[in-house]
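One-letter residues, chain by chain:
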Amino acid sequence: MIESRPVADPGDIEVGGLELVPHRELLSRSIDAWFPLSPGDRPRVEPDQAVVAGDPLADRLREPRTIVLPRSPGRHGPVEPGQPWSAGAGRRVREGETPPEGEILFRSGGRWRVAAGERFETLVAPFAGVVREVHRGIGIRVTADARGIAGTHVRAGPTSGRLQVVAAADAELRAPHVDVGAAGAIIVAGARMDAEALARARAVGIRGVIVAGLGIKERRDFMASERRGRAAVHGLPSFAVLVLDGAARRPISNAHMALFEALEGRPAAIVGRPPCLVVDDTGIELPLPDRDELRVRSGPLVGAEGRWAGLAGPRRFAAGLTVESAFVRFGDRPPIAVPIGDLERFV
Amino acid sequence: MTSAPRALLAVDAGLATTTVSLLGRPGGRWRLLGSLSVPAPADPDAVATVLAGRVAAADRGLADRLDLQPGDAPELPRLTSRTPPGQPLVVIAASRRAVSLLQDVATRTPWHVHAASPETHDPREMTELALRPGVDTLLLGCSDPPGPDERGALDDVAALVGAVARRRPELRIVLAGPIAQLRAWREALGSAAEPPPPDAPYADASRSGEPTGEAPDASAATGAAEGAEVADAARIVHAPPIRLRDGPDEPLREILEGLLPRADVTRHVAVQSAISLADLLDLRLELVDIGLDGGLRVMASPGVADGGPAGVAVRTAAGGLAPMEIDDRAVESVLAWTTGSLDRHRMGDRLLDLRARPWADATGEGARRRLAAARAALARLAAVTTDLGALPTPDLTILAGGAFAAAPPRAVALALADTIRRTGATQVALDHARLLGPLGTIEDPDERRSILRDLADDLLAPIGTVVVVAGAPAGRRANQRVGTLTFVDDGPTPAIDLHGGEVAFYEMAPGARATATLEFRDAVRFGRRARRVTVPVSGGVGGLAVDLRDVPLRLPERRDRRRAALVHWDQLAWPGTDR
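Going down the list, the sequences are from chains A and B.
In terms of the numbering used here, the first sequence has 75 at position 75, counting the first letter as 1, and numbering is strictly consecutive.
With positions in the second sequence counted from 1, the corresponding number in the numbering used here is that position plus 1000.
Be aware that one or more of the hints could be misleading.
Listed below are several chain A residues computed to face chain B (Cβ distance under 10 Å; list not exhaustive) [what the hints assert, rightly or not]:
| no. | residue |
| --- | --- |
| 1 | R65 |
| 2 | E80 |
| 3 | L105 |
| 4 | F106 |
| 5 | G139 |
| 6 | T152 |
| 7 | R219 |
| 8 | G341 |
In short, the hints are calculated from the structure, not lab data.
Yeah, the Cβ is synthetic: ideal placement off N, Cα and C, and Gly gets one too.
Take these sequences, add in the hints, and give me the full structure.
Structural data, given as structure tokens:
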């Protein structure tokens, strides 16, 4: 149980020690994003090339497979692993035929293995930046002087759209409440969403979802739905889920909500590596939390936010355990002791 | 450490917590003045300042004698050990059987293993796995000569890995077996694919079956390649082939471990501390460390006659508190030890959060879940260290790592008794200030031994003694007596009834010593079969645990019955807590 009695003598509080509270970076000043590629994907950019949002970065194979070639695929010189390959190169392609294309993998026993397929989908740049690295079959690195609001992980993506707050910080958005009016937007959906609501969000044309937590079942169901959609004939438009905290249910922090509200209506993007919301507009003033603002991230007071009131030292909590703790002042009430491990601050 | 300061800091920078301990020498010997653990990553200077402030506030005279000023604490000399994040190792072989053998060896290292073979993965998928940016080491192996199941695909996997090596010049490749002699490998890699030199470090070990000792330097173990196609051929390390039958895996294991940093890595240097401590205390001891990303099990024995102290250690990523990927198997392994009402999905959520923020939710139900995860990790550690489990019960078992930092002492003792099961009696202690790692960084064994001698009483928090007896028949009726327990301390105490299939705790204060005599109606197993067993026991904050349950422990298959049994045992370990 949380120590709920007020402090007998506020003079006993050990001032300082705020740096012992675990911290997270809320806002980064530049973005260094990595877009992974698989063998067979075709990069469409070069290093040092500037891209704007919507520019194609690569063509991704939708149904890749391994093809065995009985003879050398190179007609004009030696063949290297990683080299692009096309079945249609150097011959007339019949009407209606889509020759497979891909990438040389390796040669063994006089035969070549090629990662190839017939259908591609385009990976577009979700934000403007400069391409720094291009590695066929591995990935593309893009950097930008944009700001990033960090999350813990991203499912699917990347994606882009205007930012729209559709739910309160502690709300759980259900499928019937997913509005088609948010089509084309990245929505801030509160504490949590279930797989059905995510499927409906994608179906109505929403481009991305930001939630505080996403459970393991919802992650699996969503990714299974994503795989089915990708395998369909026409594929799916880009969509991503940015998870700000973790798996258990907890509200979005006030610091995050203040940022989202300040950015509402502006273009944004979700990228997976690092997992963050990218905001291209560097001119806008974004509200940042005070240094002594704390958030209870786990435990009985999960979601509560208060101000640092000093170290409380080792204290006995539920299950008879003694752990290092700190005093936190919630509103106008006297400070109470909370395990340091349950606290979080933003820097 | 060459000078003799009056105070110093010991810093264990783990992945989940950073622990700073303040050591002082107020009267000619080192003492532990205090320690403080906070969520990682934390600035050790800030932790040291707070810790020194507390020591000064508690005993101003002591602080003055040590010339300890809280603001100057960061300037104190320090011993630092750290735990780097686990690194992925892609393991590839030509058949499922071969990759399984390699995986068994690699699992007994701190690498996080991702295995693939043509029977489980398409060539494109294997290439994608090997090309992943986070992967910087790959193990490719085969038997010598290759088995019938390997021959069909060996050229393919050799060519695949050779092609990946050309595409990723920074990738380090361990070749276990005669891969370098394959034409497919040489063609794929070009002139860089020269066979290993005759004096390759593995050559003798692979023939004699003896471990090579210190792992060879990667650059020394490579073929002398100067191919134009591959910029740095020194990244190719040659290792012994896969063994078809059970055999010592040390040569390959040492090579794999040698590729990881280990100069100041906690689970590496703590082994040195354990060996020094075993020699110092003249006890056979076992060190069991469960951390976020891996575990360590060490069996250390004191020097005898001309032989110095020795130790056998296994560091494994399988012993981590929360696996890197939370799958159904990981969830089930923790659920098997829980008494709460969480379903599989919710438990998965809790494990994901434990993995992401291991320091959070450490009290209340979170503490029980953490200890359930620690039991699952101990069980995994025991499963990959069966060779150590087969050794005689140690005199002293030391538990270390953040998994046990915030748990009642009896719960810790019970977690150990539940998972590392051997008949016999062992004292159990906790490395509560996480000192074994930092002290292990002292390179001079005499100096390490000297400081350990001073700190031996402080660095281990006694939990008590665990006595495990096997073969005691479970009573057909509840509370049926199968034997008695008698203590001889200052004088004999009244006999206490023992009940088959049960575990019981008896109060025994820290520092107390006694002789316990267990008498049974029928013969039981306690190292050997006997009806009467007499063992020295010592007290601790958890007391004496007498465990008459099965060895190995067999929990009921039905979930409700298993949960009832766990609840019953839990009540002994977590007394008086509200649920």
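Now for the hints, and whether the structure bears them out:
Checking A:R65 against chain B by beta carbon gives a least distance of about 7 Å; that is within 10 Å, so the hint holds. Using the Cβ-Cβ criterion of 10 Å, the hint placing A:E80 at the interface with chain B is satisfied: the shortest such distance is roughly 7 Å. For A:L105, the interface hint holds, since its Cβ comes within 10 Å of a Cβ in chain B; the closest pair sits about 5 Å apart. For A:F106, the suggested interface contact is upheld, since its CB lies about 4 Å from the closest CB of chain B, less than 10 Å.
Among the interface hints, the one on A:G139 holds; its C-beta lies about 6 Å from the nearest C-beta in chain B, closer than the 10 Å criterion. Interface restraint check: A:T152 against chain B, minimum CB-CB distance 6 Å, threshold 10 Å, status holds. For A:R219, the shortest C-beta to C-beta distance to chain B is roughly 9 Å, which falls under 10 Å, so the interface hint holds. Interface hint status for A:G341: upheld, as the beta-carbon distance to the closest one in chain B is roughly 4 Å, under 10 Å.
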